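Protein chains: 4
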Amino acid sequence: MDIGFIGLGSMGSAMVRSLLRAGHSVVVYNRSANKAEAMREFGATVAREVCDACRGDAVITMLSDDTAVEQIVCGDHGVLGCVAPNKTVHISMSTISPALVRRLAERHAELNQNFFSAPVLGRPDVAEQGKLFALVAGDQDLIDWMKPVFDALAQKTFVIGDQPPAANVVKLSCNAMIGSMLETLGEVFALVVKSGLVDPKAFVDVLLSTILATPTYRPYAQHLLDHELKPGFRIPLALKDMELALGAAKEINVPMPIISLIRDHLIEAIAIGYGELDWSALSLVAQREAGLPG
Amino acid sequence: MDIGFIGLGSMGSAMVRSLLRAGHSVVVYNRSANKAEAMREFGATVAREVCDACRGDAVITMLSDDTAVEQIVCGDHGVLGCVAPNKTVHISMSTISPALVRRLAERHAELNQNFFSAPVLGRPDVAEQGKLFALVAGDQDLIDWMKPVFDALAQKTFVIGDQPPAANVVKLSCNAMIGSMLETLGEVFALVVKSGLVDPKAFVDVLLSTILATPTYRPYAQHLLDHELKPGFRIPLALKDMELALGAAKEINVPMPIISLIRDHLIEAIAIGYGELDWSALSLVAQREAGLPG
Amino acid sequence: MDIGFIGLGSMGSAMVRSLLRAGHSVVVYNRSANKAEAMREFGATVAREVCDACRGDAVITMLSDDTAVEQIVCGDHGVLGCVAPNKTVHISMSTISPALVRRLAERHAELNQNFFSAPVLGRPDVAEQGKLFALVAGDQDLIDWMKPVFDALAQKTFVIGDQPPAANVVKLSCNAMIGSMLETLGEVFALVVKSGLVDPKAFVDVLLSTILATPTYRPYAQHLLDHELKPGFRIPLALKDMELALGAAKEINVPMPIISLIRDHLIEAIAIGYGELDWSALSLVAQREAGLPG
Amino acid sequence: MDIGFIGLGSMGSAMVRSLLRAGHSVVVYNRSANKAEAMREFGATVAREVCDACRGDAVITMLSDDTAVEQIVCGDHGVLGCVAPNKTVHISMSTISPALVRRLAERHAELNQNFFSAPVLGRPDVAEQGKLFALVAGDQDLIDWMKPVFDALAQKTFVIGDQPPAANVVKLSCNAMIGSMLETLGEVFALVVKSGLVDPKAFVDVLLSTILATPTYRPYAQHLLDHELKPGFRIPLALKDMELALGAAKEINVPMPIISLIRDHLIEAIAIGYGELDWSALSLVAQREAGLPG
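If you read the protein sequences in the order shown, they are chains A, B, C and D.
Take 1 as the starting number for the first sequence in the numbering used here and just add one per residue.
Take 1 as the starting number for the second sequence in the numbering used here and just add one per residue.
Take 1 as the starting number for the third sequence in the numbering used here and just add one per residue.
Take 1 as the starting number for the fourth sequence in the numbering used here and just add one per residue.
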């Protein structure tokens with residue numbers, strides 16, 4: 001298919017390569033042009049303007065936050081002003097607020113433009129292999145039409161509902177659940193380590209082989225054993241996602257005390273100098289609060 | 001092997017049947033004698049006194065809490081007064097405090113009695129199939145000697161350390177992690193349901209097929225879809241375990257805010273009339289706090 | 001003095017009356033004109049446009065939130081476009097974010113306009129008596145010049161610092177402390193009531209006569225005894241303030257778990273139907289979580 | 001009156017001096033005898049045995065915790081075995097669990113012994129001046145009879161109810177409320193300091209002169225300004241009281257999330273080396289979590 005792709009961070013760049021490898025033709029746009037230029041060697045065409053990326057079968061936006069989407073989609077010369085009615089589908093893959101997705105859906109609908117939401121689960125290395133999980137919500141016909149796109153990007157595609165914000169509610173929920181796993185792992189690991197009794201490797205073995213086993217724990221537990229946090233999902237981005245989840249929950253009056261607690265600990269992580277680390281640095285916060293070297 | 005077994009709750013009874021099925025000979029003791037009598041038909045011998053169950057290769061205690069263990073093990077005519085030095089191994093499988101296990105280890109050591117700790121993960125149906133996970137800590141030679149016992153009870157045995165309380169630290173940690181998963185699932189499910197946008201089945205599908213997938217979620221997610229909490233691990237027992245974890249952590253000055261939060265919600269669950277339900281009723285607390293019917 | 005006053009909610013209207021009573025001449029502006037008209041009978045002049053209120057010695061803005069201030073101060077034909085350089089002082093008395101106050105200060109400075117921040121503590125009945133507490137931050141000469149204004153409005157004026165946002169940091173801190181008092185009072189009252197042992201009047205007597213005694217408790221404790229929450233500071237406004245405090249703290253990486261907890265409980269209060277009540281309805285949340293009728 | 005006094009910590013010793021100064025005759029007992037001997041110079045008689053302090057009009061117990069009371073009151077040769085029926089009143093002034101007070105009341109009643117509970121609010125310097133607040137619960141006739149004792153010790157005596165544990169519920173509630181004030185003050189002070197904008201003295205002035213003003217804040221706010229925590233109520237004792245409050249609340253199924261949070265932070269305080277400080281060191285925990293020097 002002919003696909004435009006806007007937003008070439010580490011996730012976006014990996015996704016573009018997966019699309020190209022699957023035989024799609026891709027026109028890329030990025031605010032800092034050098035990241036777009038770097039995609040040429042993989043076979044992408046570079047767009048000068050947002051509109052140049054909005055003329056194919058679909059244009060995917062994969063941007064860092066609500067502000068970036070507001071600017072690139074709703075701003076002057078933005079996606080909303082570019083896509084032709086009843087033609088190019090705008091697929092919003094960014095992790096943004098359900099409220100913004102609702103507004104995008106309304107604006108696109110007013111303009112008879114095609115739109116649905118499809119945030120993804122997985123890190124850049126998974127995106128590189130086309131093995132993401134896609135959370136999709138919107139018009140089923142449009143989703144069906146775009147099946148080749150998701151075949152290239154994701155190992156599995158979940159249709160969450162027919163209203164686009166639904167996908168973002170689930171995406172934020174998933175991140176909150178991962179955050180809770182990291183927070184809990186951190187607290188428990190502090191207990192296990194400070195007890196001085198437990199072989200940490202045996203503990204991790206329990207974690208990975210029993211009813212607790214989850215793919216989420218696998219890399220993080222290893223990091224704890226290695227005393228080494230790999231760069232991954234940086235704390236400020238994780239904090240942004242926790243605030244998006246809290247905001248979405250507040251909109252409909254749902255208290256989420258676990259996420260409030262994780263938010264507080266992410267802020268503490270930044271305060272004490274871990275702001276550049278992967279958010280599994282929540283374990284360092286737990287260790288520091290337990291008086292361990294951290 | 002010749003095994004004594006003290007404590008015939010739903011877990012203990014299922015474990016006795018697994019031992020019998022594996023060809024061991026088992027002498028059972030229970031404070032309410034009728035539960036012991038019920039084991040006769042499966043081939044167990046019934047002991048009149050604690051001491052009658054303390055004369056084989058091993059005596060296993062599988063009791064409900066610290067108080068029961070204090071009474072049956074440390075009390076008059078208790079296990080400590082019965083087992084012969086350097087002979088019968090006392091294996092403590094109860095979910096009790098590391099502090100009590102430390103005291104048991106010291107008392108047994110003073111009397112030259114064999115002892116180690118081996119709490120288990122898994123519910124009665126898993127115990128019935130001999131598919132528990134055993135968390136074992138103590139003298140390696142004793143543990144090796146008792147391998148046939150664990151082969152009968154557990155699908156996997158983890159050696160956690162050489163000091164008995166270590167196993168209980170890990171057991172309590174595992175329960176805390178499960179509690180956190182249930183609490184988080186409950187909060188997130190309240191968000192998903194109250195949004196009115198998300199197909200709950202699709203959400204559960206995401207939960208069970210992605211990096212979040214864990215065996216722990218499987219039955220609980222189904223309960224949420226069915227609006228039906230199966231009897232399982234009753235809330236007061238779960239609360240006991242959270243308090244044991246908090247107590248063990250406090251002993252070594254480790255704050256565990258996630259577990260404090262779960263403790264508060266379990267108390268709320270009892271306060272509002274869910275005290276007889278499985279502890280996944282944490283989801284009902286979350287729904288009630290979100291103003292959902294609950 | 002000649003004073004413009006913008007924002008005639010229950011607080012603003014009471015403050016205008018205090019200014020008039022003290023002999024100041026006041027030009028009022030409000031977006032819904034009827035509230036401005038109602039001030040005529042007390043001696044105020046009604047402005048048609050924002051600019052009509054910006055020509056005296058000072059213009060006070062007393063608006064409900066950041067959005068209102070953005071519109072009335074920064075918007076087209078707003079305060080920033082009206083006040084003459086080095087003349088009329090804009091005094092921002094609204095409870096708004098320190099970040100917005102910082103931006104206002106910068107914009108006013110660029111235009112050589114006089115500006116400082118002066119949020120107030122106290123409810124409408126206190127404003128009516130001119131007995132507020134004023135928290136003031138900015139240029140000392142301007143503050144000194146405006147002394148007659150504060151003499152009319154406040155029983156005491158605190159100079160918090162020389163940078164305007166400082167006053168808002170303190171204002172939000174004070175509200176957070178009041179929130180914490182209400183939350184704690186609610187939780188403790190639930191304990192006291194549910195114990196069934198304590199004479200609630202004796203408990204309130206302890207509260208109001210010992211080292212716990214604070215003017216904050218006086219009205220609220222009475223409400224608890226009367227089972228009657230008087231209308232006062234509505235929960236959605238309280239929630240707004242807690243979020244402003246959390247936002248201001250997050251900006252400089254300060255975790256505030258107590259405020260997170262209050263925020264969660266205010267959301268719960270709205271979720272369960274108490275959204276129109278005074279924020280001391282936090283006690284109803286506590287009672288409900290304790291299984292009391294609530 | 002003739003009064004026995006058991007428990008001569010810093011509070012007990014000060015109270016004995018107040019009783020002596022008021023003209024009462026006092027027989028003192030303490031487990032470590034040197035503290036009892038030190039009371040001779042103020043006019044007290046020293047008892048060799050608990051029973052020697054149980055023969056007057058009243059015997060007051062002022063002990064550190066439940067364990068000490070269990071031993072001194074319920075143990076061999078303890079108060080329960082010493083006081084004559086319908087004669088000497090046992091007044092329990094210790095901060096202990098309502099559950100233990102209930103048991104004491106039952107045991108005393110079975111033996112036809114006079115008993116009521118009267119924990120106090122205030123620190124040693126206040127006890128020295130006879131200016132405590134007494135929280136009293138039990139039989140009104142006994143309480144009336146003991147009026148001279150309370151006149152010597154307290155500036156005000158509150159009758160909380162007719163069942164002794166009621167007084168301890170209120171005492172624990174008061175300590176929880178003070179704890180919450182300290183925690184909140186600590187969090188807010190971290191915000192104020194880290195903002196770099198606010199004059200801390202001005203902030204404390206606001207705290208002590210407005211609707212927030214409470215005697216509790218006065219010394220603590222000064223400590224914050226002085227960067228100096230005076231020895232006072234040590235953290236492990238504060239933690240004990242928070243756990244007593246949580247335990248009393250759990251007994252009747254009342255969740256108290258604020259106290260859970262304070263408990264976690266007191267544990268953190270001990271973990272990071274502040275275990276010997278006054279519990280206002282909660283502010284140091286808040287500062288440390290905010291990345292301030294702490």
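These aren't lab readings, by the way, just hints derived from the structure by calculation.
All values derive from a computational prediction rather than experimental measurement.
All C-beta atoms, glycine included, are put in the ideal place defined by N, C-alpha and C.
Check before you lean on any hint, since a few could be wrong.
Said to hold, decoys possible - Calculated cross-link-like contacts (lysine-lysine; reagent style DSS-like; alpha-carbon spacing at most 25 Å):
| # | chain 1 | residue 1 | chain 2 | residue 2 |
| --- | --- | --- | --- | --- |
| 1 | A | 147 | B | 201 |
| 2 | A | 201 | A | 156 |
| 3 | A | 250 | B | 240 |
| 4 | B | 131 | A | 131 |
| 5 | D | 250 | D | 35 |
| 6 | C | 131 | B | 240 |
| 7 | B | 240 | D | 240 |
| 8 | D | 147 | B | 250 |
| 9 | C | 131 | D | 240 |
| 10 | D | 230 | C | 147 |
| 11 | D | 131 | C | 250 |
| 12 | C | 230 | C | 131 |
| 13 | A | 201 | B | 156 |
| 14 | A | 131 | A | 147 |
| 15 | B | 201 | A | 201 |
| 16 | D | 250 | C | 201 |
| 17 | C | 35 | C | 250 |
| 18 | C | 194 | C | 230 |
| 19 | D | 240 | D | 230 |
| 20 | D | 131 | C | 201 |
| 21 | A | 201 | B | 250 |
| 22 | A | 156 | B | 201 |
| 23 | D | 194 | A | 240 |
Stated by the list, open to error - Heads up, incomplete: computed chain A residues facing chain D, CB under 7 Å, no partners named:
| # | residue |
| --- | --- |
| 24 | 23 |
| 25 | 268 |
| 26 | 291 |
Report task. Verify the proposed pairing of residue 250 of chain D with residue 35 of chain D, using a straight-line Cα cut of 25 Å. Result -> With Cα atoms ~36 Å apart, residue 250 of chain D and residue 35 of chain D exceed 25 Å; violated.
Query raised in the report: Does residue 250 of chain B lie within 25 Å of residue 201 of chain A when you go C-alpha to C-alpha?
Result: holds, 23 Å
Query raised in the report: Regarding the pair residue 131 of chain B and residue 131 of chain A, is the alpha-carbon distance no greater than 25 Å?
Result: violated, 33 Å
Query raised in the report: Keeping to a limit of 25 Å between CA atoms, is the pair of residue 131 of chain D and residue 201 of chain C held or broken?
Result: holds, 22 Å
Requested in this report: Decide if the proposed pair is consistent with the structure: residue 230 of chain C and residue 131 of chain C, CA atoms, cutoff 25 Å inclusive.
Outcome: holds, 21 Å
Query raised in the report: Is the straight-line distance between the alpha-carbon of residue 194 of chain D and that of residue 240 of chain A 25 Å or less?
Result: holds, 22 Å
Query raised in the report: Does the alpha-carbon distance linking residue 230 of chain D and residue 147 of chain C stay inside the 25 Å limit?
Result: This hinted pair is violated, its Cα atoms lying about 39 Å apart.
Query raised in the report: Are residue 131 of chain C and residue 240 of chain D close enough, with their CA atoms no more than 25 Å apart?
Result: violated, 42 Å
Query raised in the report: Hey, residue 240 of chain D versus residue 230 of chain D, does the alpha-carbon distance stay inside 25 Å?
Result: holds, 20 Å
Query - residue 23 of chain A as chain D interface residue, shortest Cβ-Cβ below 7 Å - result: violated, 50 Å
Query raised in the report: Do the alpha carbons of residue 147 of chain A and residue 201 of chain B lie within 25 Å of each other, as the hint requires?
Result: Holds, at roughly 21 Å.
Query raised in the report: Under the criterion that the straight-line Cα-Cα distance not exceed 25 Å, is the pair residue 35 of chain C, residue 250 of chain C satisfied?
Result: violated, 36 Å
Going down the numbered hints, you'll see the structure goes against 2, 3, 4, 5, 6, 8, 9, 10, 11, 15, 17, 24, while the others check out.
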